[in-house]
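Participant: With chain A held as given, fit chain B with the ligands onto it using these hints.
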Amino acid sequence: MSLQELDRSIVHDGGSVSAKADEYLRRSGTAAGGWLSRYGLLIAVLALWQAASTAGWINPAVFPSVGAILSALWTGISGGALLDDIAVSLQRSGTAFAGAVVLAIPLGLLMGQVRSIENALDPVLQLFRQTSALALYPVFILLLGLGEASKVFVIFWATLFPLLLSTISGVKEVDSKLIEMARVYGASRLTVFRRVVLPGAVPSIFVGLRLSATTALLLLIASEMIGANKGIGFQVMNAQYNFQIPLMFAAIFILAGLGLLSNYALVFAQRRLCRWSDASN
Amino acid sequence: MAEVRSLRRGEVALRDLSKSFRINGRPLSVLRNLNLDIRSGECLAIVGASGSGKTTLLRVLAGLETADSGRALIDGRPVTGVGRERAVIFQEPRLLPWLTVLGNVAFGLEVRGEDPGRADERARHYIALVGLADFQDAYPKQLSGGMAQRVGLARALTVQPEILLLDEPLGALDAMTKLTMQQELERIWREENVTMVLVTHDLEEALYLADRVLILPKQKDASPRLIGIDLPRPRDRSEARFVRYRQELLREFGLH
Ligand SMILES: Nc1ncnc2c1ncn2[C@@H]1O[C@H](COP(=O)(O)OP(=O)(O)OP(=O)(O)O)[C@@H](O)[C@H]1O
Ligand SMILES: [Mg+2]
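Residue numbers (the UniProt record's numbering), protein chains in the order written: chain A, 1 to 281; chain B, 1 to 256.
Same shape as in the complex, but just chain A:
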């Protein structure tokens, strides 16, 4: 059966109204099932948390009820205080992430292509990558002061390497047989790069982008724990300090939400750009 015949038979099966309704119900049924199997456990954990907290099985001073957290979240957001923190945090990690993207992708493409450049930079790269960004934070503070610059820089530093390394490996893992094929058709070096190497490296670059985005948020918290008076990471520390435990959890929830959101955005972009890599779905 050809693809088209398959298509046509699907259209035919869905032809009558009742068949269409059945199809709709079946589809929404499986969609609901899929949703439940994906988020069921999460909901159960939250429900258990709520029950445990209200029933007093856990200390509500340490684990306030989900309701209390949500209400702290609402007050913070509607009052605008948490929104300010979100904006400041996004600006810090966003600037750092953008800087890493702008540097790491071109550099990685170059290093993956040109052996001599890779050989020259690799030892330095390995050394830097093995040194924890957090360990270097005091050094950055010393050099750049306790303000925005050192915060952005430590995030930038930590996000740079995952992206750089996955870009390099993406370029190197492009099938050399495809490159040879392009050469046989008379493609210049630049054309081979533009039409074969670059698109071939995109999936791996996306892996790097997702790793880096996660790292950016992780480092954000750490950087905001020292010498900050705004930001979600600051809010986590500050609320704990002032014993506003619901607010602390609200800030943690926001962080988790930002992480999920950035990951979804990247996955979405990846699906759009790399439709071919899961073309069978």
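These are calculated hints, taken from the structure and not from any lab test.
Be aware that a few hints might be false.
Unchecked claim - Label pairs and their in silico Cβ distance ranges:
#1 A:Ile77 <-> B:Gln142: 40 to 50 Å
#2 B:Lys141 <-> A:Ser188: 26 to 36 Å
#3 B:Phe21 <-> A:Gly34: 48 to 58 Å
#4 A:Gly145 <-> B:Asp137: 53 to 63 Å
#5 A:Arg115 <-> B:Asp37: 37 to 47 Å
#6 B:Asp137 <-> A:Ala32: 30 to 40 Å
#7 B:Lys141 <-> A:Ser169: 19 to 29 Å
#8 A:Arg115 <-> B:Ala240: 51 to 61 Å
#9 B:Glu184 <-> A:Ala265: 41 to 51 Å
#10 A:Ser188 <-> B:Glu85: 16 to 26 Å
Keep in mind that this is a model prediction, so the values were computed, not measured.
Glycine included, every Cβ here is placed at the ideal spot set by N, Cα and C.
Facilitator: Okay, now just chain B with the ligands, sitting in the frame of chain A:
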């Protein structure tokens, strides 16, 4: 296009061509003083045991390997690298997974600087020729092995080469698809009037398609043999003369 085709030549000449590789520091002679003339529009099959240098010879012709000594000439000019008058079909289809069938087939023309609209138009023609008109928007992942191989064939034909170099293009296909593809190759070879150099493991395939069969020996001191296949086309595999040719080839390999 017609006048271009009548001017097209696609003659190949090998003059004392030798090629060796170094494996762990020791030289390995693969091709030794090979002399051969392939006529314009001829279909030459190359057979030989594994490791006899079939792929190496094809890669020298493609301009992907350089000979140690001697020369390979295309239309009288020495081969110094890849060239526009040649197209190669490798054992694997080598399709770009991020391009559709249409994109892959037009790829060869596009990298040669052809206007994308014209490239697509010509690509569509050859996609239809290999029987994939319904699949031009499919991605390589969605194709069967035989279909992918036909996309590779269409891509090579789209650049309208004088010489088509094929390295076991049907080696990975199942028996039925293979027979169909052999028929298709024969038809395309006739219609496109292209010189074809076909490396194959399959003696029947060589006999079905080739005007002459070059047998590369395994021992490098033995000389290659060339057998002309004087049979009307399209050939009938069960015909007595076909069977006799096959026995002759088998004898060349020491089999009866
Ligand atoms: N790039 C290379 N470097 C070193 N040795 C090589 C290289 N390419 C081929 N050879 C050697 O040359 C010999 C001939 O190889 P070739 O690929 O031409 O054989 P073939 O006739 O195509 O075999 P098969 O039928 O298995 O494809 C082999 O012994 C192989 O080891
Ligand atoms: Mg081979």
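Participant: Please name the hints from earlier in the document that this structure breaks, with their numbers sorted from lowest to highest.
Facilitator: Hints that this structure does not satisfy do not exist here, as all of them hold.
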